[in-house]
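Q: Sequence:
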Amino acid sequence: MSKFDKNLLTPCPVLRPTETEFMDPIGYLSSGPISELGRKYGIVKIVPPESWKPSFQISHSFKFHVRQQVISDLGITTRSRKFFRESINRFLNMRRKRLLKLSFKVDGHKVYYYDLYVLVEKLGGFQEMDKSKWQEVNQSFGVDLKSRAIEMEYNATIKYYANFLKCNTFTDFPDSDSDSESENCLICGDNDSPQETLLCDNCDHAFHMKCLSPPLTQIPATNWYCDKCLIGTGDYGFEEHPEIKYSIPEFYQMCKEFDEKFAQDYCNGKKPTLDELEEKFWSFVDIEKSDLEVMYGADIHNLKPGEISGFPMINTPGLDLANAENRFYINHPYNLTKLPFAKGSLLNYINTSISGMTVPWIYIGSLLSTFCWHVEDHYTLSANYCHFGATKKWYGIPSLHANRFEQLMRQSAPDLFKKQPDLLHQLVSLINPAELVRNGIPCVYADQGPREFVITYPKVYHAGFNSGFNFNEAVNFAMDDWLEFGERSIIDYRPIKKEDVFNYYELVENILKDFNHHPKSGNSELAERSIDVLERFLNQQETFLSDAKLTHVKIEYRPKAYKKRQFDLEQKGEVEDEEEDLCFNCKTHLGYQYCEVCDTVDEYGGKPDGDKIKQGKLEVHNHQLPTPEISPQEVVVKDASEADASIISESNSSQQLQALSEPSCEMDEFDQLILQAKKRSCEPEDESSSKRRKSKRLLSLEEQQYQKKEITAEPTKKVKRMGKTKHKSKKGPELNRLCLKCTLDLDEIPSGTKLIYQSYPQRLRQIIDEAKAKVRS
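Its first residue numbered 134, the sequence shown is counted upward by one per residue in my numbering.
Read the hints as simulated data drawn from the structure, not as lab findings. Treat the hints loosely; a few may be bogus.
In silico DSBU-like pairs for lysine-lysine, Cα to Cα no more than 30 Å straight-line [to be verified]: (1) Lys-361 / Lys-476; (2) Lys-476 / Lys-136; (3) Lys-264 / Lys-238; (4) Lys-471 / Lys-653; (5) Lys-255 / Lys-292; (6) Lys-139 / Lys-389; (7) Lys-255 / Lys-215; (8) Lys-874 / Lys-907; (9) Lys-389 / Lys-136; (10) Lys-136 / Lys-178; (11) Lys-186 / Lys-389; (12) Lys-243 / Lys-403; (13) Lys-255 / Lys-552; (14) Lys-186 / Lys-196; (15) Lys-139 / Lys-173; (16) Lys-630 / Lys-136; (17) Lys-196 / Lys-551; (18) Lys-234 / Lys-476; (19) Lys-361 / Lys-343; (20) Lys-471 / Lys-215; (21) Lys-630 / Lys-266; (22) Lys-394 / Lys-343; (23) Lys-299 / Lys-238; (24) Lys-653 / Lys-630; (25) Lys-389 / Lys-196; (26) Lys-279 / Lys-292; (27) Lys-630 / Lys-343; (28) Lys-136 / Lys-266; (29) Lys-437 / Lys-476; (30) Lys-403 / Lys-139; (31) Lys-255 / Lys-551; (32) Lys-551 / Lys-299; (33) Lys-378 / Lys-361.
Computed spacing ranges between beta-carbons, pair by pair [stated by the list, open to error]: (34) Asp-680 / Leu-533: 44 to 52 Å; (35) Leu-407 / Gly-573: 25 to 33 Å; (36) Gln-895 / Leu-349: 57 to 65 Å; (37) Asp-665 / Ala-289: 34 to 42 Å; (38) Lys-139 / Asp-665: 38 to 46 Å; (39) Ser-657 / Arg-200: 42 to 50 Å; (40) Arg-200 / Asp-263: 45 to 53 Å.
We put the CB at the ideal spot given by N, CA and C, even for glycine.
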């Protein structure tokens, strides 16, 4: 256990801007000396001038639901140990072996089973273990090098489970959307043959014995668990009850009662100091203590006037708009409803408002309620303001050390990151700040009190907890220095399939459009950097488009045979629905060329690609026979003899392949189609088609009513909530939009795939050329 030591941490800079500086937040925070502090420390605290006293304007009708947090479950190591114990014990239970605790002792030294498993895997797995490696294991746990106790315990308890995991690496398990379907086999979906159906003794889902891999011929004599429950998914989330809502006075009373009980149970009846509380908090994170549960009113995004923000707004019920002081705070750039669009914020260049990013989210804390390590969406900056209440503790890691932090987190729970690649974006994991410093990663802290702001700079991992009841809210904004961080976020999101919150390249395009319209008053340095960003993007798109011309792929088992990549070229002006403007697989924005892949039966009689696309898996085995008779998942040809080749050549699939037209003709036709599309792109467009990518997201009834009321007082942008879009299945063939990169990663392209070529890249080139000319002039 890593003991918390505050002396290892660095206090963040505390800034006290003048009233003039306070009226220009972006200019002040991006100025040379302050920006350098942001780069060095990652977080800064801003104490407003004494005159800053906005009234608190939350309606009496305001109510919210809370999330329940078990503090020890938030520690990434403690949670990993717990998950491992649960999964391996199911495995042992099936085999009637003794069940394990979290750890065992050797010569007085505690050895966690999970830590032992991870270390052996790091050394190459149990097959690679020899005397010297077991001595290395002993040394890691402080045990005598000659002792064989750890090795014997591993062989008796972990070895066979480790082998099971090594042979079962697939983690995209079938799942049910509804408890009412629990009687249906989770694999085939049918509910026939109940006498041959097994129920998992953990999740209660049903499985036909014949549908399992390998199939079972008789009912197991012991408990039986499905692969998902034996391997684990790493899923973790906070328990919430949206139907139970509290008013602020009700929640405050609950917090008072909890504070008193906590003092009795852990502090001999005395109220702990902030330092004492900090030590206790991190000790709870680092030990297996499962009985301490706290409540947090987090990510509150009500839409009714008077419930959006604690700051005064033009539509706040009962607010006297004739009062000069009210108007001052309504329009003040540090009012968090205004900060995202303050002068100089690059979020002015996005076309929609985003709940939780440009529209504040509210946070109502209680004692020890926690926000876990995370970075802001698209690595933007964040501003958090405390309206009133107890101190909020912050910890931050400067962006220069973000990669080292991510590496340490992955080393701490490698299996969790394999199962949950986007784990650090889920806000459910903590690691002791002292442990970071001991691993060479500097950590900065801040103590935020009432009427104080905390600012986090781009790609700064931050976490913290509340020392008691308080009321905070937060938004995002972006300064010029953020531009390249935004580009990096798109690159980092793709492999972990984190969904884009807004279209970054559209933002960059809008920067250049604005510069072209106002070159004299524009920022030429920002324009130059925006040109570089947009050119990199367009060049990449053109490379992908060029690769798409490769219309034939060699088939390994027939040296002279080629499988054509079937593309139909179609020009479109827009993506009709911005909700679907993301790649079905990697969740990044589609760009201006993309593919529509039809999930239907292909020309060979099967639909392996559609299934893999649905599962988010683009791996296709190159050596599988494309025959209608046998599923590609069942037959893999490694080496075909001449006799085999003669059989294959007579198959229906082979005859279909031979009937295809020559590759060179296909490429000529493809180039001709692209040339025609480019010619059309230079023709004048209708006024309607020039307005591209406007949000057509359907609003809920509550949002529509809110906007109707709001528009009479103050023009607003459409509200867009953050969170993953759930693509509902449709009857019949489903059309999945894939970006060019994900399409080209497929080894087999389903027939009927359309490559959509938009004319807009040509116009982007014109925007870039115009900006280049104006930068030079």
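Q: For every hint, state whether the structure bears it out.
A: Comparing the hints with the structure gives:
| no. | hint | result |
| --- | --- | --- |
| 1 | Lys-361 / Lys-476 | violated, 51 Å |
| 2 | Lys-476 / Lys-136 | violated, 45 Å |
| 3 | Lys-264 / Lys-238 | holds, 21 Å |
| 4 | Lys-471 / Lys-653 | holds, 26 Å |
| 5 | Lys-255 / Lys-292 | holds, 14 Å |
| 6 | Lys-139 / Lys-389 | holds, 27 Å |
| 7 | Lys-255 / Lys-215 | holds, 20 Å |
| 8 | Lys-874 / Lys-907 | violated, 33 Å |
| 9 | Lys-389 / Lys-136 | holds, 29 Å |
| 10 | Lys-136 / Lys-178 | holds, 26 Å |
| 11 | Lys-186 / Lys-389 | holds, 27 Å |
| 12 | Lys-243 / Lys-403 | violated, 33 Å |
| 13 | Lys-255 / Lys-552 | holds, 17 Å |
| 14 | Lys-186 / Lys-196 | holds, 25 Å |
| 15 | Lys-139 / Lys-173 | holds, 19 Å |
| 16 | Lys-630 / Lys-136 | violated, 35 Å |
| 17 | Lys-196 / Lys-551 | violated, 39 Å |
| 18 | Lys-234 / Lys-476 | violated, 58 Å |
| 19 | Lys-361 / Lys-343 | holds, 17 Å |
| 20 | Lys-471 / Lys-215 | violated, 44 Å |
| 21 | Lys-630 / Lys-266 | violated, 37 Å |
| 22 | Lys-394 / Lys-343 | violated, 54 Å |
| 23 | Lys-299 / Lys-238 | holds, 26 Å |
| 24 | Lys-653 / Lys-630 | violated, 40 Å |
| 25 | Lys-389 / Lys-196 | holds, 18 Å |
| 26 | Lys-279 / Lys-292 | holds, 20 Å |
| 27 | Lys-630 / Lys-343 | violated, 33 Å |
| 28 | Lys-136 / Lys-266 | holds, 29 Å |
| 29 | Lys-437 / Lys-476 | holds, 27 Å |
| 30 | Lys-403 / Lys-139 | holds, 22 Å |
| 31 | Lys-255 / Lys-551 | holds, 14 Å |
| 32 | Lys-551 / Lys-299 | holds, 13 Å |
| 33 | Lys-378 / Lys-361 | violated, 34 Å |
| 34 | Asp-680 / Leu-533: 44 to 52 Å | violated, 35 Å |
| 35 | Leu-407 / Gly-573: 25 to 33 Å | holds, 27 Å |
| 36 | Gln-895 / Leu-349: 57 to 65 Å | holds, 60 Å |
| 37 | Asp-665 / Ala-289: 34 to 42 Å | violated, 59 Å |
| 38 | Lys-139 / Asp-665: 38 to 46 Å | holds, 43 Å |
| 39 | Ser-657 / Arg-200: 42 to 50 Å | holds, 47 Å |
| 40 | Arg-200 / Asp-263: 45 to 53 Å | holds, 48 Å |
When held up to the earlier numbered hints, the structure conflicts with 1, 2, 8, 12, 16, 17, 18, 20, 21, 22, 24, 27, 33, 34, 37 and fits the remainder.
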